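Enquirer: Chains as they are written, first to last, in the working numbering: chain A, 474 to 782; chain B, 38 to 290.
Among the hints, a few may not be true.
Stated by the list, open to error - Below, in silico cross-link-like pairs of lysine-lysine (PhoX-like), each with a Cα-Cα straight-line distance of 25 Å or less:
#, chain 1, residue 1, chain 2, residue 2
1, A, LYS709, A, LYS654
2, B, LYS121, A, LYS654
3, A, LYS590, A, LYS567
4, A, LYS747, A, LYS716
5, A, LYS709, A, LYS693
6, A, LYS701, B, LYS121
7, B, LYS121, A, LYS581
8, A, LYS747, A, LYS700
9, A, LYS693, A, LYS716
By construction, these hints were calculated from the structure, which means they are not laboratory data.
Keep in mind it's a predicted model, so treat the numbers as computed, not measured.
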Amino acid sequence: MPTIVDIKNLRKSYDGGFEALKGVNLEIEEGEILALLGPNGAGKTTLISTICGITTATSGTVTVSGHDIITGYRETRSMIGLVPQEINLEPFEKVINTVRFSRGLFGKPRDDAALEKILRQLSLWDKKDSQIRALSGGMKRRVLIAKALAHDPRVLFLDEPTAGVDVELRKDMWEIVADLKADGVTIILTTHYIEEAEAIADRVGVIAHGELLLVEDKAKLMARMGKKQLEVQLTKPIKTIPKALQSDALTLSKDGTTLVYSYDTRAERTGITKLLADVADAGLVLADVMTRQSSLEDIFVDLVQEDAA
Amino acid sequence: MNWTAIYSIFSFEMARFFRTIAQSIISPVLSTSLYFVVFGAAIGSRIQEVEGVSYGAFIVPGLIMLSVITQAISNASFGIYFPKFIGTIFELLSAPVNFLEIVIGYVGAAATKALFIGVIILITAFFFVDISIAHPFAMVAFLILTCISFALLGFIIGIWAGNFEQLQLVPLLIVTPLVFLGGSFYSISMLPPTWQIISHFNPVVYLISGFRWAFFGSADVPILTSLLAIGLFTGLCMAVIWWIFRTGWRIRQ
Chain A
474 MPTIVDIKNL RKSYDGGFEA LKGVNLEIEE GEILALLGPN GAGKTTLIST
524 ICGITTATSG TVTVSGHDII TGYRETRSMI GLVPQEINLE PFEKVINTVR
574 FSRGLFGKPR DDAALEKILR QLSLWDKKDS QIRALSGGMK RRVLIAKALA
624 HDPRVLFLDE PTAGVDVELR KDMWEIVADL KADGVTIILT THYIEEAEAI
674 ADRVGVIAHG ELLLVEDKAK LMARMGKKQL EVQLTKPIKT IPKALQSDAL
724 TLSKDGTTLV YSYDTRAERT GITKLLADVA DAGLVLADVM TRQSSLEDIF
774 VDLVQEDAA
Chain B
38 MNWTAIYSIF SFEMARFFRT IAQSIISPVL STSLYFVVFG AAIGSRIQEV
88 EGVSYGAFIV PGLIMLSVIT QAISNASFGI YFPKFIGTIF ELLSAPVNFL
138 EIVIGYVGAA ATKALFIGVI ILITAFFFVD ISIAHPFAMV AFLILTCISF
188 ALLGFIIGIW AGNFEQLQLV PLLIVTPLVF LGGSFYSISM LPPTWQIISH
238 FNPVVYLISG FRWAFFGSAD VPILTSLLAI GLFTGLCMAV IWWIFRTGWR
288 IRQ
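Starting from the given sequences, assemble the full structure and let the hints guide the process.
Expert: Following this line, the structure appears as structure tokens:
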């Protein structure tokens, strides 16, 4: 996949001395869905705002399809659509007018057929003549997406698209993103919701304190960092782990009823067979056995904590 | 030049104006009529001619200027402040447009609205007083130039304003007094000598004087001085706006 957005050593410091971005390097591939995960204040919005031209970088470069965002701002901005985090819309304007305005503002000639396609795709066509203030929060978010898509961008930034959105609408939003990807649009979304990244992203980037901690293929990331745990529940609680069983990988729950064994699924030997045999030899009776795989959320929390430490 | 973008901004702003067309027209027509009733009929009947023109006719250019300046400032300042206030400015900043295109769009729309109001007031005036226009082309040129220059000032105020109070502050505390003291309802020559000198520091005096010259062929200050003054004022506003966009002052972090 060719690179469509190339970010090199991007830094942003504010007047107060706060460094929102500390030298970010990132290559976004054409046609992918990249999820940027990070806690509040990590620098996600600053990164997006800089690429889109809303904030100016202190140093570093960004190119979109080979055009620099400063010297070639007309080319880069024409290719980019931005859905901001906050719902910023003119309350008294009609849906169709505000979407038409967006298309024109980005230099595209009026094309009502194109706008109809976008509005229909977002289930907004019935609402096209409604005033924005009359719409529900979810509908307003769709209007923001329609505005961002009005000029047929090749790259779409979604800044927390599902913050404060109910479950059903979130699923709808994921479908919309999937449709856009099918149309060949490159999508970068920021999110707090790990499950969102897990559900729709191709690659995941983790940002904390203005630094990009990692960017990796989602499946690979989960496999690499994914730990699996085997929980062995005992019929009778024990006070300590029998000597024959003691190892770094094995811990006992506080109430003494569960042994937790951590292992790597890709290791040649997981040690499960030996463990279970040893448990039986030690005279312990099993009540239940189950396994648990760490989610992206666990991985994320580990990473951010490591960075803070 | 991204003309499509300019046209989009312009027509979007004009749509706001036409959406409230009734109040856009009724309010200036009503206030102008009141001025004619109070100043023209009630007070004017006791005032003899001013510079060879009946008082009712004499105040017409000043009245038009008063409304045009107020409208140009309020339309332009609101036009750019509102997106800042509700946050839609992000779209403008992320669009493939430069500062000149943004200014042409917003200032152009605000100036057009002000011009529209000016023409309506002129038409209203014909119903109350007999007026003939000595230099129609100069009159139109002055009107357009005033609309543009004060829309530029309004744009600056809109960018500067951090809240609605500040948005009202400059028009209320500076512009309205300057316009009223700029000879809207009297000739500068009617003032005591000291006040005449002070008046010459008021830029609006040159505008109204020039505009009145276009109507009646006579003026408080030479017409070239008027032209120079308004030219300087427009240039100054443009320079400030150029600086605002260059530095991103109050709009781009």
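Enquirer: Next pair to validate is LYS693(A) with LYS716(A); report whether the Cα-Cα distance is within 25 Å.
Expert: Violated, at about 37 Å.
Enquirer: Holds or violated: LYS121(B) and LYS581(A), Cα atoms, limit 25 Å.
Expert: 24 Å, holds
Enquirer: What's the verdict on LYS590(A) and LYS567(A), does the C-alpha distance respect the 25 Å limit or exceed it?
Expert: 17 Å, holds
Enquirer: Is the straight-line distance between the alpha-carbon of LYS709(A) and that of LYS693(A) 25 Å or less?
Expert: Outside the cut-off at roughly 39 Å; violated.
Enquirer: Is the straight-line distance between the alpha-carbon of LYS747(A) and that of LYS700(A) 25 Å or less?
Expert: Since the Cα atoms of LYS747(A) and LYS700(A) sit roughly 19 Å apart, the hinted pair holds (cutoff 25 Å).
Enquirer: Check the hint pairing LYS709(A) with LYS654(A) against an upper bound of 25 Å on the C-alpha distance.
Expert: 53 Å, violated
Enquirer: For LYS121(B) and LYS654(A), compute the direct alpha-carbon distance and say whether it is at most 25 Å.
Expert: 32 Å, violated
Enquirer: Under the criterion that the straight-line Cα-Cα distance not exceed 25 Å, is the pair LYS747(A), LYS716(A) satisfied?
Expert: 14 Å, holds
Enquirer: When you check the alpha-carbon spacing of LYS701(A) and LYS121(B), does it fall within 25 Å?
Expert: 50 Å, violated
Of the numbered hints stated above, those contradicted by the structure are hints 1, 2, 5, 6, 9, listed in ascending order.
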